[in-house]
Amino acid sequence: GENVEQHPSTLSVQEGDSAVIKCTYSDSASNYFPWYKQELGKRPQLIIDIRSNVGEKKDQRIAVTLNKTAKHFSLHITETQPEDSAVYFCAASKGWKLQFGAGTQVVVTP
Amino acid sequence: EAQVTQNPRYLITVTGKKLTVTCSQNMNHEYMSWYRQDPGLGLRQIYYSMNVEVTDKGDVPEGYKVSRKEKRNFPLILESPSPNQTSLYFCATRKGVGVGYTFGSGTRLTVV
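Chains V and Y supply the protein sequences, listed in that same order. Letter by letter, the first sequence follows residues 1 to 110 of our numbering. Letter by letter, the second sequence follows residues 1001 to 1112 of our numbering.
Hints listed in this document are in silico derivations from the structure and should not be mistaken for laboratory results. All figures in this text were calculated on a predicted structure; none of them were measured in a lab. Do not take every clue at face value.
[What the hints assert, rightly or not] Pair ranges (Cβ atoms, derived):
{"hint": "1", "chain 1": "Y", "residue 1": "Thr-1110", "chain 2": "V", "residue 2": "Pro-82", "range": "26 to 36 Å"}
{"hint": "2", "chain 1": "V", "residue 1": "Pro-8", "chain 2": "Y", "residue 2": "Thr-1020", "range": "30 to 40 Å"}
{"hint": "3", "chain 1": "Y", "residue 1": "Val-1052", "chain 2": "V", "residue 2": "Ser-12", "range": "29 to 39 Å"}
{"hint": "4", "chain 1": "Y", "residue 1": "Asn-1007", "chain 2": "V", "residue 2": "Gln-105", "range": "43 to 53 Å"}
{"hint": "5", "chain 1": "Y", "residue 1": "Pro-1083", "chain 2": "V", "residue 2": "Val-20", "range": "13 to 23 Å"}
In this text, a Cβ means the ideal position worked out from N, Cα and C, and glycines have one as well.
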């Protein structure tokens, strides 16, 4: 089955700097890649997603890139703010099955 | 308002005492799923259901049961809970393939 690896497990950044989280997947047939943000004590919420026919997608300060050949995708957060502090999960999907990475704890320090 | 409602939010129970965590959605989604979240392991799928009376095992189904008698409800049943089932549980629904999940608010279960 699909295996998703996510790095790093923790990421500390200064406010205003950029943060990058990287994920790799094993199944080349996966075609949908969502990213979730989970604030402390809250449910995971979808923040951005990308499909396999697109190489990059941007939404304000967040962007996701996909390299199908290398089977990896990344989340980029620019101009980080304290409210970006959370756990971020990547996921890869083929059909109905959605496989999550282990998560990245992002801490933005003022 | 589109919602996935889980109950209870918190539950402390003793080993072996049967319990049920309820999940209800008002979005008319066919696909529903249960995940457990543990530190360092991310979200792991327990069971999923593609429609009424259609359920299947996810990655970590041992010790759990589910049922899908109605489209809106997908309860998670622990017949004989054990301490290794202490975890944070999320119910989630999807409208279709290629779209993201909507998660419930979570149930923090402690088994002593």
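Taking the hints in turn, this is what the structure says about them:
With their beta carbons about 31 Å apart, Thr-1110/Y and Pro-82/V fall inside the hinted range of 26 to 36 Å. As the Cβ distance of Pro-8/V to Thr-1020/Y is approximately 38 Å, the hint placing it in 30 to 40 Å holds. Range check, Val-1052/Y to Ser-12/V: about 47 Å between beta-carbon atoms, so the 29 to 39 Å window is missed. At roughly 28 Å, the beta-carbon separation of Asn-1007/Y and Gln-105/V lies outside the given 43 to 53 Å, and the hint is violated.
Roughly 38 Å separates the CB atoms of Pro-1083/Y and Val-20/V, a value that falls outside the hinted 13 to 23 Å.
Of the numbered hints listed earlier, those contradicted by the structure are 3, 4, 5.
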